[in-house]
Structures are given as C-alpha cells and as structure tokens.
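> One line per chain: the protein sequences are X and B, in this order. So for the first sequence, my numbering puts the first residue at 64; every next one is plus one. So for the second sequence, my numbering puts the first residue at 827; every next one is plus one.
Just so you know, not all the hints are guaranteed correct.
Label-pair restraints from in silico Cβ distances [what the hints assert, rightly or not]: (1) X:Arg108 / B:Val1156: 18 to 28 Å; (2) X:Ala155 / B:Ala1164: 15 to 25 Å; (3) B:Asp983 / X:Asp113: 58 to 68 Å; (4) B:Lys1089 / X:Val527: 47 to 57 Å; (5) X:Arg117 / B:Asp983: 33 to 43 Å; (6) X:Ala388 / B:Thr1125: 49 to 59 Å; (7) X:Pro566 / B:Asp1090: 15 to 25 Å.
Listing some non-contacts, in silico: residues in chain B with all C-beta distances to chain X over 10 Å [unchecked claim]: (8) Pro928; (9) Val943; (10) Asp972; (11) Ala1010; (12) Asp1065; (13) Pro1066; (14) Gly1075; (15) Thr1134; (16) Arg1138.
Read the hints as simulated data drawn from the structure, not as lab findings. Because the structure is a prediction, the values reported are computed rather than measured. Each residue gets a CB set at the ideal place from its N, CA and C atoms; glycine is no exception.
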Amino acid sequence: MRRSAAVLLLVAPLGFLALVFYEPLFLVLRTGLTQAGRFSLSAVRALIADPYYRHVIGFTLEQAALSTALSLAIGFPGAYLLTRYTFPGRRAIRSLTVVPFVLPAITVALGFILFFGNNGHLNRFLMLVFGLGHPPLRILYSLSGIVLAHAFYNAPIVTRIVNAAWEGLDPAIDEAAVTLGAGRVRRFLGITLPRLAPAVLSSAALVFIFTFLSFPIVLSLGGARYATIEVGIYTLTRTLLDYRLGSALILLETVLSLGLAYLYLQAEGRRAVRLRQERKIRPIPFFAGGPSLGRVLLGAYVLLAGVFFLGPLASILADSFRGAAGATLDHYAQLASLAYSPFLGSSPLRTVANSLIIGCGATLIALPVGAAVAVFSVRSRLLGRRIVEAVLMAPLAVSSVAVGFALLRGFAGPPLRLSGTLVAIVLAHAVLIYPFAVRALRPALEGLDPALVEAARSLGVSRVRAFFEVEVPLLRRGILVAAVFSFALSMGEMSATIMLARPGLTTIPLAVYGLLSARQFGAASAMAVVLIAVTGIAFLAIDRLGRGRGGLEW
Amino acid sequence: MRTKIAILAAMAALAIGVGAVGSDKLVVYTYDSFVSWGPAKAIQTEFKAQTGCDVEFVTAGGAKATLSRLLAEREAGGTQADVFMAEMNEVPRVQTYDLFMPLSEADVPNLATVPPVLRFDPSGALVPYEYGDITLTYDSQALTPDELPGSLDALTDPAYKGKIICEDPRTSSTGFSFLLWTIAHFGEDGYIPFWRKLSPNLLVITQGWSEAWSLMTHGEAPIMVSFATDTAYQAASGDPLRYRAFAPGGEGYRTVYGVGVVKDTAHPQLAKAFVNLLLSRKIQELLPTTEAMLPANDTAALPSAYRTYTVRPTHPEALPLDLVARKMAVWLSAWERAITTP
C-alpha cells in the first residue's frame, strides 16, 4: 500500500477518536504526570513503591490469568463442536453464544447468586438429591466466584472467534496429513492448532484485557476481600478525589493493558497465515454414527456447559415470575405498558427502542472506522504501525471509570457540546466498540488474497467498486462477527451511558439498574429477560442478514 | 443487504434528529431512587402549577456518581444542573469545590420548619430535606430475636460467620455511614481491628444497598446493614414483616440528605422556589412512603406504619462533619487496605 494512502486511511478515524476520546483522556491522565505544573513521575513512583498497590496489581493479573484460562477451557471445546459437527439448532446456538456478553454485571451477579449461591437452585437441588443438611457448593463470594462469572461472560467470545477462524481453515492440509498416516492428535497439534493460534491468542488477549479491567463482578461476587486496579481507580477518583494518584493508577493500568495488546499484536502479526478459501471444513452430523469416546466427552461437555450458562439465565427468568404469593406475570405487565414509568424515566417500549437505535447507530459508525483501522494494520508497511495499532485499541484497554470521565468531558464542552443527547451516546458507544470491529475484521482481511482485487482493477474496475464488489462479499464473515460484537457491546454498555444519559434516554441496562434501585427486583429480572430476548433476536437477525446473497453460509 | 443497511442508517439518523433537547427548564441532579420511587413526579406537577416551569431530574446512578458527574462537567466547562441533592457526608467534597450558594430562611422560608439538630451544614450550602438512621436488618425466618447481635462487638462472634452483608463505603453512602458508625463506636484506633475481626463474618461487601437487599431477600445471608425504616416500609406497602430493622445496643448512625443551588445557575429564583417546595409539608409528607426516609420538616405528619414501626436508636452515633471532612480519605484508605489484604 502506498504511504499516502495509509496516512489518508488513518485521518478520518484518528480525527474522530482524537476529538471525543484521546484529548479528554489526555486531560484526565495529565494530572497523574504533573506536579506543581511540571512533568513528574512522582505519583507513579509513589504507587509502585506502595506494597498495597503492588498487591492489588498482582491480584489483578492473577485473577485475569485464571479467568482467561477458564474461559479458554470452556470456550475452545464449544468452538470445536460448532465447527466439526452439525446438530439441530446449531446455527441458533452460534448466534446466541454472545448473549451472556451483553448482560449488565449486576444481572449476571444476580443470576449467579440465584443459581450458584449458598441458597441457590443448584445447592438446593444437590441438598434434596443427596439428603444434605448444608449447601455442598460454596463457590461464590471468593476468587472462584469471580473467575466463574468472568468465564460466563468471556468463554462465548472465545467460542465465537475461534469458531469463525476454524471454519475458515482449508481442510486440504489436514487431509494430506491423513493420507500420510498422521493420527488425529498429531494432526490437531501439528496442523490445526498452529493455524488457529492467531484466533486463540486474539480471543485470549481480549478476555485477559476485559477481566483485567473488571470492576462490578469483583465487588459483587468476590466477597469482601478482593480489590483490583479498577476498584482502586474508582476509590481514588470517585471517593477520595485524589485525582493525582488516581490518574497515575489509570496511567499504570493503561500502560499494562496496552502493553499486553502490543505484545499480542506482535505475536499475531508474526503468525498470520494466508488462507485461500477454496474449500471449507464439512461438518458431520453429531448424532449419526456410533457413540465414540470423543462424542461421549463432547456430550458431557454440552451437559456441563448447558448447566453453567443456562442455569444463571434460567434463574433470572424464574425470578422474573416470582411474586410475593407464588408465580405472577405482574412484572411483565408492568413492563408491557406503553405508559411512562417513573422507574425507567421513560416508557419500557421507548427504552427498548433507544437501545436498538443506539446499537444500530454505533455499529454503523464502528464498522467503517474499524475497517479503516484494520485495513491500515494489515496492509500498511509504515514503521511503528504496531504501536499505532496498540494506541488505536485504547478504548478497549482503558479503565471504564476513566473512559466515562473522559467522554463526559469530551462532550461537555466545545466543539462537540452534545452531552445528554442520543448522538453523544451513539458516538461514545462507537468509540468504545470499534476496536472490536478491528479485531474481528483483521483475520478476515489477512486471509484475503490481494491478487483478487488486482485482477478486478486490471479489468478496469475502480478501487471503490472493487472494494464493494470484491472485498466486502469476501469479508462477509468478518463483517458479521464485527457487527455482532459491536452491537452486543453497545447493548450492554453501562458506565459511559450513565454518565451521558438524560431522562427519557434510558437504555435497557440503565432500566435494569433503575428498577433495582427502586426495589423492583422482579421487574428488574423481567427487564433483563427482555434484554436477553431482544439481543438474542438481533443476533439471529444479523446472522440471517449476512447469509442473504451468495452461497457462503454466513 | 445494502438496502437494509440504508434503512438502519435512516432509522439512526431520524433518532438522532429526534434526540435534540430543549432548554428552558430547571435541571435537578439527584440520585436514582429519588427519581424512580421518590416524589419526583409530584414535585414536577406541583412546581409546574406554581411557577409554570418544568423540572427535569437527571441522575448518574447513586449520589456519589451524580456528584462526580457534576464535578466533571464543571471542570469541562459548565454544568446544566441548577439544583443538586446529596447525602450529608458528601458535604466535605461539596465545600472543597465551592459549588453551591449559601441559603438562609430569607431565600427558603420553609427552612424555618427544620429543627436545628438536622442542620448539618453551618454554611447553608446544603439544606436538609430528609433524614434516616442506618441500622441493621434481619431475616425473621432465619434468625429469632434471641439470636440477634446485642451490640456492634457481637457482630464479630463466630456464630455469624458468613451471615452478614454490608455495602462498600467506597461506592455506597449506606456503606460509608456504617463505616463512620464503627469509627464513632470503636474510635480511630479501634475500628480497623474490629473490621479485621468482622471480615470472616461478612458474606460479601456489595456495591450498593439494592444488591445487598436482593441478596438477603434471596436467602443468602440473614443480616445486612440497612435502614431503621425497613419494617415500616414493608408495613406501609402491605407486605409481611419478614425483614425487620433492629438497632444493636440501641445504636444507629444518623444520615441526612441535603439540597443545594448551583452557584452559577441561570435560574436562582426558580431554584430557591424548588428548594422551598421540597421542604413544603405537602411534599415532605410523601417522603416516608416513597423514599423510606423521614421528613426534615417537623410539621409534616408521619404515616401510621412509620409511627409504629420505625426503629429509633436510643444511642445514635454521630461524628462531627468537619472531622469527617478532614479524615475521610485516611479512614477509607485504611479500611480498604485492612479489608483487602490478609
């Protein structure tokens, strides 16, 4: 790619990001690096010298590593199952895997407590079956509670990303190995796994960064004894109002997570494999053929994963029907009303509409911005492009507490005095979610053979037309994954929305919080069910939209 | 597919157009429960009738989050807020930032109905409008009255292992009041050892009151830090009185909520009229049943459920606000370190 084109490609997204994100974030961070108006590292040094913050940083890394490991362990077999086998409902399941990801932390925490809690359904079931006097499983309110909830959120990301990459692998190499007599395990370790490594690394890096920045889950399910860097940032900036130390901690956290992002981009860049998709892996029916050890193990996996994911979700569903005197539909009746609800600051229907409109708007902005950045990162030979890329990931890698602040400042003054408008929320969401679009589009772009575009160009087609007629159809899978994740992130976004919203601009997660704070616990569960249903339908629709034209399955 | 994208784009554009906002109304920054449950609607109607002006309530979550939003907006070039409502322990922060204009009875005639004991802010920047006591609440189906802790010290008894839920003082004003209560009771030298002993008995420290209440009502633990009006609130709503407030050793911690007028507001007279309306008997009498708080206006009548069931601590604990202002950061940091390190 020509240098000028690479620079041009960056101007639009960078300008946008600089305006609403980097400049305000810089103002937030600057406090941590100045003392009496001059540059100083004393606040950062003070933090590192303090054994308490060293302990906090250590614990943050520890729980993120454990959470990533468990997410991979749960998510990877799921990707295998979805790639290798067909079974009834496979496509729906693949679409719905992202649902847990959109749920507000408070809902996931509630679902976990209802299901895995000391008095939860699982414990009561086990006590009944085994005639126990005490709940046998005490897994919440400790490190295991945090790690489990993180896996609930993030294992589906692993499944989705790895599955998409796996389906793109050309089976020819594998088949060649079969003819050479290589066994299944050897083929998997020697051929499949190395080719999947970028996707596995990519999902692991995302999961690590997400769990590294986790805040509400740590407080809700971690019991009394845990603090992450994000909790520390909250304390310093919101409660103690020590902006200097707070900014220094934000800075430290950002450097750590961007450093991780950079390392991963380096690794991914080196491992990138060009995939010419002549053929696809042909999945075989799961229920055909005799029971083998593999099928039995996968069956056991499905059962356990089913309990793990559906248990908390079903508990929320059950809770939404729980009334003071038995089962009731009251909570839904309350939500079905079109009238203004003081608990929501809006009508329930309007709330759902807001979430959908913001989700669509943010996705439509995030896709082109993400595409521009992805094209840049794949095609550019610019020196230091990995560093530019890592910096462009920042919205994903910076504390949500800090981002909320930065966005508020970004929209509160000129030139974008938009605070409290729907536009501000759409733009804020777009900023927060576009790194996802980049991540999802990048592998697809890497697999694209530039010769195809060159062929089209040599036939006299304009570059723009070649993009829409050649590249976009070939990138459909990546675009879809990007759209699903972008939309999902927007639907679940809380921390920036709450800082920017005004009455009437309620989104579904805000409504869940509003109902909870008003002691409307049943209605809050019902609203969470609405969120699950609406996003589930949206994901199915996005997948269906993408399958529209051509023979490609997505 | 492209037409579908075009339709989505058109939808988004339309929505963006609709999202534009008007300007001439009084903007009140408050906490979420005041808007959702509180008398917000009644105030809007009454204020419109009295002044012809609309009131818009804006919240960023709890009181702490809303104050953070106000501060960040001011720093970034100006806030739309005309009026702000907060818990009294926020006063230290408020005074640091010099956010509100001092109010007197000349500005707000109804202030005369507020007894001196509630007037927590001598500068008049925040005017008290409601109060309550932080106490403990228990699940009467899990514990009998004999099994309740008779004092704060008794909470550390191994019998309560994993049975207590409290709120995080860093994120919740209820949690912060409880921390202040333990400091008032055990002294600055004694509260950290107390919390270290209490730690094994805490099932979880939640982000806010709602989560804690949700946990208790789903049977996860039988005791939580909550409000002295809890029993009364259930009685007024016609619910069975399963969760009952109690004051261990007759103690509790007083919490007062205050309202202030933002200094650079464009509508100072309307803002003062709002504060006066908030303190009026009519609105004050709505506070117990909507907010589960007690009216600051001592001429306001209490509903009978509140007269019967509100727990009145015989030895309420309190700390001087200027001491809280000076020591808040030190106390919270010490607490954070004690609770999260072995």
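> With reference to the structure, classify each hint as holding or not holding.
Hint by hint, here is what the structure shows:
1. Between X:Arg108 and B:Val1156 the C-beta distance comes to about 21 Å, which sits within the given range of 18 to 28 Å.
2. The hinted window of 15 to 25 Å between X:Ala155 and B:Ala1164 is violated, with their beta carbons roughly 50 Å apart.
3. Distance hint check: the CB atoms of B:Asp983 and X:Asp113 are about 34 Å apart, inconsistent with the given range 58 to 68 Å.
4. Our hint of 47 to 57 Å for B:Lys1089 and X:Val527 holds, since their Cβ atoms are close to 54 Å apart.
5. About 34 Å separates the C-beta atoms of X:Arg117 and B:Asp983, a value consistent with the hinted range of 33 to 43 Å.
6. In this structure, X:Ala388 and B:Thr1125 break the distance hint of 49 to 59 Å, their C-beta atoms being roughly 39 Å apart.
7. The given range of 15 to 25 Å is respected by X:Pro566 and B:Asp1090, whose C-beta atoms sit roughly 22 Å from each other.
8. With a least beta-carbon separation of about 22 Å from chain X, B:Pro928 lies farther than 10 Å from that chain, consistent with its non-interface assignment.
9. Every C-beta of chain X lies more than 10 Å from that of B:Val943, the closest at about 27 Å, which supports listing it as non-interface.
10. Distance check for B:Asp972 against chain X: the nearest CB is about 22 Å away, which clears 10 Å, and the non-interface claim stands.
11. Consistency note on B:Ala1010: stated as away from chain X, and its beta-carbon is indeed over 10 Å from all of that chain's, at 19 Å minimum.
12. Listed as a non-interface residue, B:Asp1065 fails to keep its Cβ farther than 10 Å from every Cβ of chain X; the least gap is roughly 7 Å.
13. Here B:Pro1066 does not stay apart from chain X, with its beta-carbon only about 8 Å from theirs, under the 10 Å limit.
14. With a closest Cβ-Cβ approach of about 23 Å to chain X, B:Gly1075 is found to remain outside the 10 Å limit, as its non-interface label requires.
15. For B:Thr1134, the shortest C-beta to C-beta distance to chain X comes to about 21 Å, beyond the 10 Å cut-off, and the non-interface label holds.
16. The beta carbon of B:Arg1138 sits about 23 Å from the closest Cβ of chain X, which is more than 10 Å, so the claim that it is off the interface holds.
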